[in-house]
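Novice: Residue numbers (the working numbering), protein chains in the order written: chain U, 1 to 497; chain R, 498 to 991; chain A, 992 to 1477; chain E, 1478 to 1601.
Since the hints were made in silico from the structure, they are not lab data. Among the hints, erroneous ones may be present.
Stated by the list, open to error - Facing chain E, according to a computed beta carbon distance under 8 Å, are these residues of chain U, among others:
1. F135
2. V139
3. E142
4. I146
5. G158
6. H159
7. L161
8. T165
9. L172
10. L173
11. G176
12. S183
13. Y186
14. G187
15. L192
16. I429
Unchecked claim - Here are the simulated SDA-like cross-link-like pairs (lysine to any residue), alpha carbons at most 25 Å apart as the crow flies:
17. A/K1062 / U/G481
18. U/K448 / A/G1091
19. R/K604 / A/D1358
20. U/K448 / A/T1221
21. U/K448 / A/R1090
22. A/K1094 / A/P1079
23. R/K658 / A/I1416
24. A/K1017 / U/V380
25. R/K560 / A/L1465
26. A/K1094 / A/W1016
27. R/K650 / A/P1435
28. R/K658 / A/L1284
29. A/K1094 / U/Y454
30. E/K1597 / U/H366
31. R/K560 / A/P1464
32. U/K448 / A/W1016
33. A/K1062 / U/G54
Backbone N, C-alpha and C define an ideal beta-carbon position, used for all residues, glycine too.
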Amino acid sequence: MGIVQNFPFFSIMLCMVSGVVTSVLKPRAALMTTLFTIGSVLALSAGTLGMTLGLDEPYTFMMGHFPAPWGNEIRIGSLEALMATGLSAVLFVSLLAGHARLPSLVTLQKLNLYFIMMDLVMAATLVMIYTNDLFTAYVFIEIMTIASCALIIVRQHGHTLVAATRYMVMNLLASGLVLLGISMLYGITGHLLMEPLNQSVREIYESGTYREVLTVVIALITISLGIKSAMFPFHAWAPDAYSFAPALSSSVLSGIISKAYLFLLIKFLWRVIGIDIIQSQQIGSFLFYCGIGGMLVASVIAISQRDIRRMIAYSSVAQVGYVYIGIGMGTLAGLTAALFQMLAHSAAKSLLFISTGELTRVSGDHKRFHYLHGAGHRDVLAGIVFTFSAMSMVGIPFTGGFISKLQIALASMPFGGSIRALVLISLAISTLLNAVYFLHTVVSIYRKAPDIEYPRNERIPRHAAVALVISMLMTLYLGVGSGPIIRIIEAGIKMFA
Amino acid sequence: MEGMLLLIAILLPAAGALMLTLMPWLNERREDRCLFVGAILVMECVVVALVALDGQRTLVLFKMTEQLPIALRSDGTSRIFSAVMALMWTVSGFFSFSYMKHEQNEKSYYAFYLMTLASLMALTLSGTMVTMYLFFELMTFISVPMVLHTRTKEAVAAGIKYLIYSVAGATMGLMGIFILTPNISSAYFVEGGSLLAGSLTISKDAFLVVIFITLVGFGTKAGMFPMHGWLPTAHPVAPAPASAVLSGVITKAGVLCIFRMVFYVIGADFIRGTWVQWALLGCATVTVFMGSMLALREKVLKKRLAYSSVSQVSYVLCGLYMLDTMALDGALLQLVFHALTKDALFLCAGAIIFKTGITRVEEMHGLGRRMPWTMWMFAVCAISLVGIPPLGGFIAKWYIAEGALSTGAPVFSWLVPIVLLISAILTAAYLLPPSVSAFFGGMADGEAVSALPKAEPSLMMLVPIFILSLAILLLGIFPNFMIESFTRLANALM
Amino acid sequence: MEGLTLLAAIALPIAAGALLPVVRWKGRAARDAYILCLTILTTVLATVAIFGNFPRLSLIQFNDRLSFALKLDGIGRLFAGLIALLWPLTTLYALGYMRGTQKEISFFAFFLMSYGISLGIAMSANLVTLYIFYEMLSLSTLPLVMQKGDSGSIRAGLKYLYYSLGGAAFAFIGLVYLVYFGGTTNFVPGGLFRGVAVEHTAQLRLGYLLCFLGFSVKAAVFPVHGWLPTASVAPTPVTALLHAVAVVKSGVFAILRVTYFSFGALVIRASYAQYIPLALTCFTIVFGCSMALKEKHLKRRLAYSTVSNLSYILFGALLLTGQGLAAGLLHLVFHALMKITLFLIAGVYNDRAGIHEVGELHGIGRDWPVLSAAFALGSLAMTGIPPFIGFISKWALAQAAVLSGGLLPYLGLTALLVSALLTGIYLLVPSTFIFIGRRPGNAPGTKPVETEIRISLAALTALMLAAGFFSRPLVDFITRAASGLV
Amino acid sequence: MLQMLYENLEQTVAVILFGIGFGILLLQRNLIRKIIGLNIMDTAVYLFLASMGYIHGRKAPIVVDGVTDTARYINPIPAGLVLTGIVVSVSFTAIMLALTIRLYRRYRTLDIDQIALLAKAEGD
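Build the full structure now, drawing on both the sequences and the hints.
Specialist: Encoded structure:
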């Protein structure tokens, strides 16, 4: 304990401060600051994780002078620490690997603003992971919304603007619903901190007075977080946003931001409401079927895409479907699978976006498959990274994707009957569909190049290459050494709710 | 080493074929080659005679797996068949020395001729079902080039048809072998069969179906209905000597396989009185009748003879399927006599084509005056084939008919003799008119047939025909030693 | 850590293959020597592994129930031995065959890697390890199928990939069943559920069926056989070794493992989980042959023949008797020997004489008498004429079917016979034409055949013929390996 | 029914406002109107929240005259929420407007569908 106890709070504050400082720095200094910040967050989170592994109970950390139920507090268990470590690591590597391409997309004067947004995203992510207070969560949802919108629109392009507008409208709508949900919940319970909330929710549920209101609240918050994390069928904003934003932004959007929302949703469902109540309200099966639908429909749509970035965007929607299946099962095994999939997908998807960025770059910024032929030869590292992360998406053994699929399948086994059959068959079909579009792409980047003059590009910077390799190793580790991770997740869930 | 002789009987012609292919000096002159082939054939006859005198022997060549021995064996059946076949082969071989002058590619013809002999010998000397199957297939493949010899489009089509029919038949036989193997007590042939009738792996009804299919399959080579389609296509396109051995000898290979399966594996008792016996008898009688009818309608002499073979070989099968000692005697006699007769007839036809180019029956008017020796012998063989005493054909048919009557089997005990009789009449109808018109035809309408040059073939062709005809005559008059030994064999088998 | 030999045999070719494109080669001779030496070295290692009795080597513990472990047992030894025997010979052939073609280096790189991965399949100690190598094999052989790089071969490659991965996805479900109900995926002779009161038989059967259907993609069982004929666009060494031996037989091998070592015959016997696969294989036997008969393209015809023959093996194995398994294993080995010879010769016809269609074979025997004789011998063996190897295994299969009795075995027996007949037609008829036909005047001339190709073909043919006469030790070994599994 | 609505007047108004805002946001194609709709929606939520937080007869939580009994004051949290919410809504309104200006400069229209079409015509 001791000083380590303060690490989560430190890391949040560090991000906020760094955001402020960055605004006045020159781009390069801003980059360094941000890298340092996120690196420190990573280190701090890892420290926290190490510390929480020795704990049996989570601890709470008061922000300000008022104790609960008035004050504002964060609550740290090993699951939270694991997520913070994982997501900050992914963000750190993505930033390291992807920043080199920013100057060609963003005007130099605005580059430091971009890094502010990165800091804010980190801060918001951390808060969503740690916070024990619904309203704080709301505030940072809004901050996240604004920051992510800014991440998209840095690219000065008509499409990007339109995509950003769409994204903004959908997200603001969702934010409004979250706020409405939170205020209604406050209205019936009078609490915003999670533990007391849970208690009064239970009382309400048992007394049966405000059951309908409770259902509405759960539905509002679930759907709005679903919108924000691109849950099928609320994913309409995702393909445009993911495909027109800079590669780094896309990787952050899909790898970090949607995962933060997902974690918040899990927290809401498990800690605030209680999973037994969720299950009895049919919300669980709603999420479950949305997950199945997303997994299949988005994959089918992805196959028909001719633009590599849109394809990956749809794949994100499909992969988030896996998480929702896990959540929707409402069991510990399902939740474990969902959390593991979040980590695995986060690591692989950010790699995928960044390597795709490189591949399109060496193909004259064309995103159509035809122009990408031979891209794997023009940029060997990006080709390898893309291939590897595509395999994780398909679920080839030795990658994280394989383990998460296995976890989901195993989680479905106790259900028996049609649910199990549905999950298993959908998983198999989805694997096949994933294989169809991802490996088709892999093949196409190694095909003979068409007779087009491709611009000569400078090579990937060395530190970016190192970052990509590290990131690959992370995915590999999730595939090979999943045992400890899963144990931490399982232990973390015990402390979590 | 015991039974080495069996191996020599097989390896001798095979080695001859190999030498013929590999040693160019053998092929420099026709005479050298003919001498060589002739020597091999004569030696083979001697070896076969030695094998026949040597008594019963078994030689295990090797074991593919523990249950799959490849073994040779000489016993009563193999003696009869190998002697008949070797003799036929030698005689036809000598005939072909002069006949083949006007065919191409003699070298490969003789090579395959000897190879086929080797495989036939191996087939007759086979000691297990698998060995038999092996050489049965091998014989098919080796004899295909003989059918294909002329390389014309028809020959190729006929060759393919022959191949497909044979493989199909062999496959049906193979099924029987597969299913029989777990149900017999010995992998080797045993007189009277070694079927474990008490403990079949499948029901008896199903087992009978299997036996039926097996025997029909092996019947393919014998041209038995319903697998007879290849025979009239294949024979006419082959060169005459090849056609002679194809219909005179190779069809008997089919008979041999059926013989082995019925009497050495399954056992006559198991089939006797079941629907399988009746069905097979039915097929055989249908074939007898059908073959004769087809022969009657056919105008090309060689094709007519080939259809006749279909009919005549089925006589053998009729006798065999009666499953009676006397009928079996008759069947074996018919086997010998038909081989001799049909061989001689084909050789006559060959001689006619060789010397005059006549292929159709109606062109044979007056031929008896151009080639009297040939046509006389043709007439003798025709009479024997029809079954007029005292020639060999009569005795054989007599025994079959008598055997059939004595079994007291329903329907067939009288149907078979009647069909034999009808068929004899038909045979007379398709073979005697050509003989008659050869001698007497053309006189009435005053054509100057006698003005045409003499066309008697050389002694090289005539002598083989003569030997065969003489054998038919003599054996027909003095058949007793044959009947005795056949009866001994038949008794041992039943 | 004695078991490291196992790992070495797998890792060496993979590493060597990965190294091949990285090193700058001074000359072709050096590179060829490197490829050949490493292939032979791997074979030596594999031989040591096969004959030595190495303990189980557990490398990675993925999580509590899944680990990555290697071990060689009876049928593993058999499969490993087969691969180790054929790979150097095919590599030798490929060195001659691929000389001067495009992307030669990448070809040999993936070819070497596939060697290690195939050995990995043979040496897997549990289903997860097997599954891993199985997937890796799909991926590592993909570039080999697409070697030519034109759109036809890419389409073929993608088809192959989709089929394989789709199959693996269903096999994965079976794996999940196994992990859930069995608690482990280790291979145990006789299955995980032997001697244990089985409460979940119904579910296990379903799981087995899914597993079977999944792995049957590689084994080209109808209706998931479609990729195999298409994949024959690959260069001949690939079609011969991978699509007649390594890849397809890894599918068969996986099914054998699942059947006898994971779920166990006890669970499957006399249920739909046995009958459906059995019926499928029976149908495939006949179907493959019929398609082969219809197919005019020589390599595709051979590929369809493979489709049919793979189902022979499965048919034997699915009888769930000791004899059936032994017969299937025997056919696994023998079919490999025959089919690889046929394919490699077809490759020579294809590449050095411009013959693609069966109809163009006429008269080629005059130009290449010895080669064509080998082809004819291979055809005879495939048809199942004694004393060639094809007969021995077909014999064993038929005996096993007869002994096990029942409707489906007899149906299979019939299928076997029909298939023998059709094989006779679709292989022996062309073989006849090879010798008797005449080459059309406008046919492209024949090119010289490299010594490497000659040597490897001579060795393979000799091996094929010799195996017919000296099969006893192999049969004994297989019988021992198969006993105690049922 | 009416009685109940009247008793919860603030809530009723808030819901109606929310509906209006929501409708505008979804149905209008003009960007400016969309933003206005969004704002109306948010305002409705604030109204709702503020009305929930107010308890009749209590005072704002500013300690006067040394009275520290919590029962005398209303809970400050809802008010805090509303304030935070307003700040947030102001900032995103600004961002949205900035976006709108950029889009207008580029495409000379505020119709979002038309803009999407124009952007598509521009290509990648």
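Novice: Holds or violated: are the alpha carbons of U/K448 and A/G1091 at most 25 Å from each other?
Specialist: 18 Å, holds
Novice: Does the structure keep U/K448 and A/W1016 at a Cα separation of 25 Å or less?
Specialist: Distance of about 23 Å is within 25 Å: holds.
Novice: For the pair we were handed, R/K560 and A/P1464, check the Cα-Cα distance against 25 Å.
Specialist: 12 Å, holds
Novice: Restraint: U/E142 near chain E, CB-CB cut 8 Å. Satisfied or not?
Specialist: At 4 Å from the nearest chain E Cβ, U/E142 passes the 8 Å test, so the hint holds.
Novice: Mind checking the CB of U/G176 against every CB in chain E and telling me if the closest is under 8 Å?
Specialist: Holds. Min distance 5 Å.
Novice: Was the hint right that U/T165 lines chain E, CB cutoff 8 Å?
Specialist: 6 Å, holds
Novice: Given the hinted pair A/K1017 and U/V380, is their alpha-carbon gap at most 25 Å?
Specialist: 23 Å, holds
Novice: For the pair supplied as a hint, E/K1597 and U/H366, is the alpha-carbon distance within the 25 Å limit?
Specialist: 15 Å, holds
Novice: Going straight from one Cα to the other, do R/K658 and A/I1416 come out at no more than 25 Å?
Specialist: 10 Å, holds
Novice: Given U/G187 was flagged as interface, is its beta-carbon under 8 Å from a beta-carbon of chain E?
Specialist: 5 Å, holds
Novice: So if I understand the rule, the pair passes when the alpha-carbon distance is 25 Å or less; does R/K658 with A/L1284 pass?
Specialist: Holds: R/K658 and A/L1284 sit about 15 Å apart, inside 25 Å.
Novice: Between A/K1094 and A/W1016, does the CA-CA distance stay at or below 25 Å?
Specialist: 14 Å, holds
Checked against the numbered hints above, the structure violates hints 16 and 33; every other hint is satisfied.
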